[in-house]
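> Each chain, letter by letter, is given below.
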Amino acid sequence: MPVIAASTQLTCFGDGSRTWDALTQGRCGARPFDPTTAARLNVGAGYPIAGGSDPGRAAGWLVTVLRAAVAQAGVDAHRERVVVVVGTGLRQLADVEHWALTATPCPVDKLHFGSAVRAALPGVRDIVTLANACSAGGHALAMAQDLVDAGEADVAVAAAADTTTLSMQAMIGRVADRPTERVRPFDRDRTGVLLGDGAAAVVVAPAGRAGPRLARLLATGLSCDAVHETAPDVGGMTRAMRDALHRADREARDVRVVVAHGTGTALNDPAECRAIHEVILADRGDPWVTALKGAIGHTSGAAALCGVDVALRGLRVGAVPPVVGLGVPLAEADGVRLVRDRPVAVPGSLTQVNSFGFGGVNAVTLLEPAC
Amino acid sequence: MLTTTLALRAWGAHLPESDKAACRPEAAAGLLGRKGLLNRDDATRLALCAVHRTLGLDAGERPRGDAHADVAVVACGNLGNVDTVADLARVATTDGVRAVSPLAAPNASSNVIASVIAIWFRFAGPNLMICSGATASYDALAAAALLLRAGRARRVVVVGAEAATGTATALYGRPLTSGAACVIVESDPDGVQVRLNGRVAAPAATASWGDCYGAQGLVGVALAADRVSAGRFPVEVSCGDEVDGYRSLTVHPASAVTR
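Chains P and E are the protein sequences, given in the same order.
Just so we're aligned, residue 1 is where the first sequence starts under the working numbering, counting upward by one.
Just so we're aligned, residue 1 is where the second sequence starts under the working numbering, counting upward by one.
Calculated directly from the structure, the hints in this document are not laboratory data.
Model, not experiment: these values are computed from the prediction.
Keep in mind that a hint or two might mislead.
To give a feel for the contact side, a few chain E residues facing chain P, derived at Cβ under 8 Å [to be verified]:
{"#": "1", "residue": "Ala67"}
{"#": "2", "residue": "Ala69"}
{"#": "3", "residue": "Ala92"}
{"#": "4", "residue": "Ile119"}
{"#": "5", "residue": "Arg122"}
{"#": "6", "residue": "Arg149"}
{"#": "7", "residue": "Pro175"}
{"#": "8", "residue": "Val200"}
{"#": "9", "residue": "Ala201"}
{"#": "10", "residue": "Ala205"}
{"#": "11", "residue": "Val243"}
{"#": "12", "residue": "Tyr246"}
So, partial list: chain E residues that the calculated Cβ filter (under 10 Å) puts toward chain P [as the list claims (entries may be wrong)]:
{"#": "13", "residue": "Ala27"}
{"#": "14", "residue": "Ala29"}
{"#": "15", "residue": "Gly33"}
{"#": "16", "residue": "Lys35"}
{"#": "17", "residue": "Leu55"}
{"#": "18", "residue": "Leu57"}
{"#": "19", "residue": "Val97"}
{"#": "20", "residue": "Pro106"}
{"#": "21", "residue": "Ser109"}
{"#": "22", "residue": "Val116"}
{"#": "23", "residue": "Ala124"}
{"#": "24", "residue": "Thr135"}
{"#": "25", "residue": "Leu147"}
{"#": "26", "residue": "Leu171"}
{"#": "27", "residue": "Arg174"}
{"#": "28", "residue": "Ser187"}
Label-pair distances were calculated between CB atoms; the ranges are [unchecked claim]:
{"#": "29", "chain 1": "E", "residue 1": "Ala201", "chain 2": "P", "residue 2": "Asp54", "range": "27 to 37 Å"}
{"#": "30", "chain 1": "P", "residue 1": "Pro32", "chain 2": "E", "residue 2": "Ala21", "range": "38 to 48 Å"}
{"#": "31", "chain 1": "P", "residue 1": "Pro35", "chain 2": "E", "residue 2": "Val200", "range": "29 to 39 Å"}
{"#": "32", "chain 1": "E", "residue 1": "Asp19", "chain 2": "P", "residue 2": "Ala39", "range": "47 to 57 Å"}
{"#": "33", "chain 1": "P", "residue 1": "Asp109", "chain 2": "E", "residue 2": "Thr5", "range": "42 to 52 Å"}
{"#": "34", "chain 1": "P", "residue 1": "Gly51", "chain 2": "E", "residue 2": "Thr206", "range": "43 to 53 Å"}
{"#": "35", "chain 1": "E", "residue 1": "Arg24", "chain 2": "P", "residue 2": "Leu267", "range": "34 to 44 Å"}
{"#": "36", "chain 1": "P", "residue 1": "Leu267", "chain 2": "E", "residue 2": "Asp58", "range": "32 to 42 Å"}
{"#": "37", "chain 1": "P", "residue 1": "Arg253", "chain 2": "E", "residue 2": "Thr5", "range": "39 to 49 Å"}
{"#": "38", "chain 1": "E", "residue 1": "Gly96", "chain 2": "P", "residue 2": "Thr102", "range": "44 to 54 Å"}
{"#": "39", "chain 1": "P", "residue 1": "Gly51", "chain 2": "E", "residue 2": "Thr5", "range": "42 to 52 Å"}
Even glycine gets a Cβ: it sits at the ideal position worked out from N, Cα and C.
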């Protein structure tokens, strides 16, 4: 079973350590839009990374996290066979929009992240851009582990980057009753999701590789609902959870921490609670459940790896941060132990990270302390 | 990524610009049936047509019953949803979000092709959308091989599509050919096979059907598989460009040993 040798992320709060601090302090990184923009989009706020309005900005963040994670793990891409799998929800589609609105050139090869990664990591063997919506990072992590398990890479990096697009904001605003001001995962009065900028990188290596080890990467389970393009399906979520447990050879009752997908939408949060009930609680498990999007927004394809980075920091210090933005939990969360207001102490133990994307694409990762 | 050999269980190309038997995206209802096609972008329609024909379904026929959790989908392509994205950005900017159609939502996500194929044909295994530029077809077959090797699926439906819409062609900056292909793969090495050879310095040959960008390699494999099963000689296929590099694949006939 491989290990995670390094991990970092970049969010509206800054790097992984700053993001962790903000989460444990219960801070919300939402920045309100100006009134004209809010009215036009029917979206109240975003969770931006400061200074990020240039073309190619998602690629820039990707390079930042990739360099940091690779340095942390001591990866030498000239000596080791390194493959990078980039998960992204919205690619560089923000640049296509900019091109459509202002005729600014948008080179088609910059829509994906191949050249950015090659420049950041000379010697890298292969790069694949996986556009798997809001669970892209989880799917990238599954592929990275499969590559290491198959002996096809000495080191595989699952990375992710996403920047807000106007088109996706428009879809959020189109279905909102009123502009959402902040994301409130699992709250009874949640009003919907908001997008955040984000990037993350997780270095996966065989257990025998010399160097740091943050956790054992047990497994990532995958499934597709094959039911509806935009509405989640409990059956698809539970299949991904069970696939992960089966691959990891662990029992649902042993899951102690869940970093939930928790988007603060009408549909995801009750469905995710039901899936946690059906798989973990029904097996007599009683994990602490947290979610990040109230603090950092929905970082789209980066969300899963942002969750993994937080889970790894939690394993190290033995704590789970609270669900920022949660006041009164929704009825479906009855019996689900949501972390409220302040961090809880949980000795490092089996941790599950959920990600569920548009199109019903589900990825569930299980991590354990590296012992 | 990895170099390996896959068994081709079925294949088919859908090239409306050069093949009269292949319907254009706007006429897809004749092949697929009308229900569920409204608001589908052209690339998704072409992908649906390629899978429909590869599965050997009758006109208007739709698979029913339980979804197959052991069949994965790996789709590839780069420009399928750029029309939707550009249009939404323009409308939202000039007229506000009340003027955009909520029915466009699935197309705003880049994985729309992969997820629609899963829903339409009832494939509930892992579902990937590869958007890695000119080598996307190769990367999709490599991802399929990885899913099979990791025991995540028994069979993988690999499908690639690009549509030469106004926005896609303008962005691409070179002549773009509308086209799609489907290749259904398993790991047992028998029957017609495709070998993934990895990186090469230059393309194998000029493609007679045009340039389908992210679907190019898969169209090449499907057409080569036709020739290989008729002529019993291996055919080399490639995809890529100067920026993304080139990848080579060889389609082999069933070997005497495994037949």
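> Each hint should be assessed against the structure and marked as holding or not.
Do the hints match the structure? See the list:
Taken as an interface hint, E:Ala67 checks out: its beta carbon lies about 4 Å from the nearest beta carbon of chain P, inside 8 Å. Against a cut-off of 8 Å between C-beta atoms, the interface hint on E:Ala69 holds, since the closest Cβ of chain P lies about 7 Å away. For E:Ala92, the interface hint holds, since its Cβ comes within 8 Å of a Cβ in chain P; the closest pair sits about 4 Å apart. For E:Ile119, the interface hint holds, the least distance from its beta-carbon to any beta-carbon of chain P being 5 Å, beneath 8 Å.
For E:Arg122, the suggested interface contact is upheld, since its CB lies about 6 Å from the closest CB of chain P, less than 8 Å. A cut of 8 Å between beta carbons decides the hint on E:Arg149: the least distance to chain P is about 5 Å, and the hint holds. Of the supplied interface hints, the one on E:Pro175 is violated, with its beta-carbon coming no nearer than about 13 Å to a beta-carbon of chain P, more than 8 Å. Restraint check, E:Val200 versus chain P: the minimum CB separation of about 14 Å is more than 8 Å; hint violated.
For E:Ala201, the interface hint is violated, since its Cβ never comes within 8 Å of a Cβ in chain P; the closest pair sits about 16 Å apart. Taken as an interface hint, E:Ala205 does not check out: its beta carbon lies about 22 Å from the nearest beta carbon of chain P, beyond 8 Å. A distance limit of 8 Å between C-beta atoms decides the matter here; for E:Val243 the minimum to chain P is near 4 Å, and the interface restraint holds. The beta carbon of E:Tyr246 comes no nearer than 13 Å to any beta carbon in chain P, farther than 8 Å, and the hint placing it at the interface is violated.
A hinted interface residue such as E:Ala27 counts as satisfied when its beta carbon comes closer than 10 Å to some beta carbon of chain P; here the least separation is about 23 Å, so the hint is violated. A cut of 10 Å between beta carbons decides the hint on E:Ala29: the least distance to chain P is about 19 Å, and the hint is violated. The interface hint given for E:Gly33 is violated, since its Cβ lies 18 Å from the closest Cβ of chain P, which is over the 10 Å cut-off. Checking E:Lys35 against chain P: minimum C-beta separation of about 15 Å lies over 10 Å; hint violated.
Among the interface hints, the one on E:Leu55 is violated; its C-beta lies about 15 Å from the nearest C-beta in chain P, farther than the 10 Å criterion. Hint on E:Leu57 is violated. Least Cβ distance to chain P is approximately 17 Å, over the 10 Å limit. The interface hint given for E:Val97 holds, since its Cβ lies 4 Å from the closest Cβ of chain P, which is under the 10 Å cut-off. Taking 10 Å as the C-beta cut-off, the interface hint given for E:Pro106 holds, the closest approach to chain P being about 4 Å.
Proximity of E:Ser109 to chain P holds as hinted, the smallest CB-CB distance being about 4 Å (cut-off 10 Å). Taking 10 Å as the C-beta cut-off, the interface hint given for E:Val116 holds, the closest approach to chain P being about 7 Å. With a least beta-carbon distance of about 4 Å to chain P, the hint placing E:Ala124 at the interface is held under the 10 Å criterion. Restraint check, E:Thr135 versus chain P: the minimum CB separation of about 8 Å is within 10 Å; hint holds.
A cut of 10 Å between beta carbons decides the hint on E:Leu147: the least distance to chain P is about 8 Å, and the hint holds. Residue-level restraint check for E:Leu171 holds (minimum Cβ-Cβ distance to chain P is 5 Å; threshold 10 Å). Interface restraint check for E:Arg174: the shortest CB-CB distance to chain P comes to about 9 Å, inside 10 Å, so the restraint holds. With 10 Å as the threshold, the beta carbon of E:Ser187 stays out of range of chain P, its nearest partner Cβ sitting at about 12 Å, so the hint is violated.
Here the CB-CB span from E:Ala201 to P:Asp54 is close to 34 Å, well matched to the stated 27 to 37 Å. Range check, P:Pro32 to E:Ala21: Cβ separation about 56 Å, and the 38 to 48 Å hint is violated. The beta-carbon spacing between P:Pro35 and E:Val200, approximately 56 Å, falls outside the hinted interval of 29 to 39 Å. For the pair E:Asp19 and P:Ala39, the supplied restraint of 47 to 57 Å holds, since their beta-carbon distance comes to about 50 Å.
Checked against the hint of 42 to 52 Å, the C-beta distance between P:Asp109 and E:Thr5 comes to roughly 29 Å, which is inconsistent with it. Between P:Gly51 and E:Thr206 the beta carbon distance is about 45 Å. The supplied range of 43 to 53 Å therefore holds. A hinted range of 34 to 44 Å for the beta carbons of E:Arg24 and P:Leu267 is consistent with their spacing of about 35 Å. Range check, P:Leu267 to E:Asp58: about 35 Å between beta-carbon atoms, so the 32 to 42 Å window is met.
Between P:Arg253 and E:Thr5 the beta carbon distance is about 42 Å. The supplied range of 39 to 49 Å therefore holds. Taking 44 to 54 Å as the suggested C-beta distance range, the pair E:Gly96 and P:Thr102 does not conform, at roughly 19 Å. Separation of P:Gly51 from E:Thr5 is about 48 Å and conforms to the stated range, judged on CB atoms against 42 to 52 Å.
Violation of the numbered hints given earlier is confined to hints 7, 8, 9, 10, 12, 13, 14, 15, 16, 17, 18, 28, 30, 31, 33, 38; the remaining hints are satisfied by the structure.
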